[in-house]
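> Chains as they are written, first to last, in UniProt numbering: chain A, 1 to 504; chain B, 1 to 504.
Nothing false has been slipped in among the hints.
Residues from chain A that keep clear of chain B, each with C-beta distances beyond 12 Å, as calculated:
#1 Val10
#2 Phe206
#3 Pro244
#4 Glu280
#5 Lys316
#6 Val396
#7 Glu400
#8 Gly473
#9 Arg489
Now the stretches of chain A that chain B is said to cover, found in silico as 3 or more residues with beta-carbon under 8 Å:
#10 55 to 64
#11 96 to 109
#12 441 to 453
Cβ-Cβ distance ranges computed for the label pairs, FRET-style:
#13 Glu15/A with Leu55/B: 44 to 50 Å
#14 Ser199/B with Lys56/A: 38 to 44 Å
#15 Glu73/A with Lys372/B: 30 to 36 Å
#16 Gln284/A with Asn492/B: 44 to 50 Å
#17 Lys56/A with Asp241/B: 35 to 41 Å
Hints were generated in silico from the structure; no laboratory data involved.
The model shown is predicted, which means the values in this text are computed figures rather than measured ones.
Idealized CB from N, CA, C, for every residue including glycine.
Number of protein chains: 2
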Amino acid sequence: MAAEAAAAAVREQAEVVRRLKQDEAEPERIAKEVAKLLEMKAQLGGEEGKHKFVLKTPKGTRDYSPKQMAIRERVFTAIINCFKRHGAEVIDTPVFELKETLTGKYGEDSKLIYDLKDQGGELLSLRYDLTVPFARYLAMNKITNIKRYHIAKVYRRDNPAMTRGRYREFYQCDFDIAGQFDPMIPDAECLKIVHEILSDLQLGDFLIKVNDRRILDGMFAVCGVPDSKFRTICSSVDKLDKVPWEEVKNEMVGEKGLSPEAADRIGEYVQLHGGLDLIEQLLQDPKLSQNKLAKEGLGDMKLLFEYLTLFGITGKISFDLSLARGLDYYTGVIYEAVLLQQQNDHVEDPVSIGSVAGGGRYDGLVGMFDPKGRKVPCVGVSIGIERIFSILEQRVEASEEKIRTTETQVLVASAQKKLLEERLKLISELWDAGIKAEILYKKNPKLLNQLQYCEETGIPLVAIVGEQELKDGVVKLRDVATREEVNIRRENLIEEIRMRTSQL
Amino acid sequence: MAAEAAAAAVREQAEVVRRLKQDEAEPERIAKEVAKLLEMKAQLGGEEGKHKFVLKTPKGTRDYSPKQMAIRERVFTAIINCFKRHGAEVIDTPVFELKETLTGKYGEDSKLIYDLKDQGGELLSLRYDLTVPFARYLAMNKITNIKRYHIAKVYRRDNPAMTRGRYREFYQCDFDIAGQFDPMIPDAECLKIVHEILSDLQLGDFLIKVNDRRILDGMFAVCGVPDSKFRTICSSVDKLDKVPWEEVKNEMVGEKGLSPEAADRIGEYVQLHGGLDLIEQLLQDPKLSQNKLAKEGLGDMKLLFEYLTLFGITGKISFDLSLARGLDYYTGVIYEAVLLQQQNDHVEDPVSIGSVAGGGRYDGLVGMFDPKGRKVPCVGVSIGIERIFSILEQRVEASEEKIRTTETQVLVASAQKKLLEERLKLISELWDAGIKAEILYKKNPKLLNQLQYCEETGIPLVAIVGEQELKDGVVKLRDVATREEVNIRRENLIEEIRMRTSQL
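Bound conformation, chain A alone (with noise of 0.2 Å):
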């Protein structure tokens, strides 16, 4: 009894040893509880700790299941079609780069960025995005001219919120168009992607929207932020989705030294949100058409929306100046789809639920990684699957919705003992002629077991041979939903089981 006490307390202290590590505690502090485990282990001693291991995922990462992998794969066939309707090319690189590849890409994200472990040979880190990796790309191919999409897992060690659809491990879905055009048509093409691929998904009402990097650094500039604090009070504005406004200036003016009249200019302009009318009107701001930067970025900004008028998407766009995106990157055009609110009124607890889908144009990356510094002009969208697909699943959760998780055609069964060799030989005739066909792993299995995996995994029809049928040379085929049974000659089977399945 006194050893199951010491071995209770030992998986106590490994607990907190579990949980401080999980939170990410001070190393010393881990350090200390990790010796304390280790002592009490030693004066244990024994076998204790075998099996003793934590049985999880990584933290902020999950597995799919078999049902939830059936309900992405729909969310991914209706963005991959989007893209392919759009002439994307796809591509697909590898999950880490050289550690100095995603340096200095990301502003005050790049604290988040995975790095391997210095095993001898380079420093590598997992991708932070695909946007990044595809700037690489073009840069050592020297492509100058591309339209591709890239779908992929990319790695933040953010504070997971997995409920709300923030992992640490998540899928992207990159659309981006590089190449030297005239201004704002592959940018209007990404803005149609979003609204197609929301309103494809029909995950209740959204809203796209838009700014420009150069209309934000226009305004800077005329609200009297030094150029240095630019990128930096971009990055305060960017939380104006989370956080209230005077927080944020608190930030500008506590953290960052800005002064609190610039910081109070700021305030005015990023509370605007409108359309063509707003562009308008910023078009004869006394201050912001003064400033080339701002007036570049409003010009654009009409074109843009002159575009959206004719793809006849401007009702869900929306011209925001308190839009600033985090990434360093962005050179112009920027947006954001949020989802407004939830269609689905069976839900109980609604998701909480942000950003799906954000980009913006970028036409100074690939540069960054020519040898002489060459520019290839780049804009994209990377739409966020994972709150996307934590709508879906609670929908599907909330409904009676049954989802399949295999596409078996036909389960080839028998009524008697003794017929396993039957049973091998048929389902290979049917396999070689492509029919998607189960059977059990029994050598005897009960026909009413049988039947039962039919209905369970929903498998449409029984294919039943027995000795009278074999004598026959005909298959008794059964209709599992009706339970109708047709003897059906063995040289025809393949035909109809094709027929018979052909709109599933």
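Given chain A, put chain B in place with the hints provided.
Then chain B, alone, in the frame of chain A:
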């Protein structure tokens, strides 16, 4: 000029450092050369070093271009179709696992695991295969019965041989059956799957070698290998497909301390390969037949061959006593598929290729994760697509086949200037109707450039708008291949495009 020479010297030194790092030389030597580099840079001062980073993907990894992706998709489609034909569900797991999850599963290969840097929090490693994460998933979710596939990248700090399709980041396509079933039925299905996939992909002649860990262990026992040396001697046998017997024997005797007599006895057995006849012969072997494990293994091997005979695939299966498989976790049947030669005679430099699939039974792995050690018997197969992909890529290169990298059905074009707005309106209608359509991102593109774009990218149709067409309410539809043009009423355009491209 002095500054330039100094800059050149710095670049040279940087290259020395880069090479050393890439070759993974001793850390001390790298540190010394880095120090030298930093000193030279300090002397030079200024902005030297900007844009001077290496533009590459990490060692042993690569990007996939759109053309490569098109080939990769074909391979994936064939493999996924096969997995679905056999009724598999699909799951996904994170790219990294807790380090302890991977510890003690891979034997001598454990040194090849990529660790993440300790940035505070959990200690993580990149997954080394998909099997251990699958076992962790089963134990964590208490699943005792599943048939699933998983296609994802895995990571090994191996010496890459990229021309032969060996990478540090590579895809595995895994199919596994977990559950307590009657002997050898799931095992036989795994081999059927390998046979189907390699036949489908038309990679030329192949052979699937089969053995059983119990037969190997029984063989080691009767040859006089001490129990404690079973796994390490097994690792030596595993090298027989790459190095000659004499070398393997030297490793067994010299490095691993086995008696030369025991090694010689092993040497006789591992030469044997055949079919049912060999199984029968070994079941009569005076020594092996006395060993309980070997007898069990041989009995199951006989049953397996009976099932494979029913599937009609024994022609490509060889029971081979030299097959050992490197990984620690196998407990029963093991197998490995190798390509025997290259079918395509047009290729001048055929890639040297070996194993393209492998797997086996691992009945103990899930139990290693279960707090109470509850076992879930598993058997599975992993298709290594990188080598397959290398072959197909070479074959496409050698042939005249032109691979399309987009699916665009129609280019919306204009012959006159000032029709951008009309092009945007028309393409928007097409997109909304689900037609895959592109425009050139120019205000006034030349018709010739628009037609050339179609030729280059394989777009079959051009929809041309002009002043006259707009007046007449029609669009001129041009067939790129035949150069035929007809006017189509605007309201019939979508239907016409769908009809003309339905076979594509």
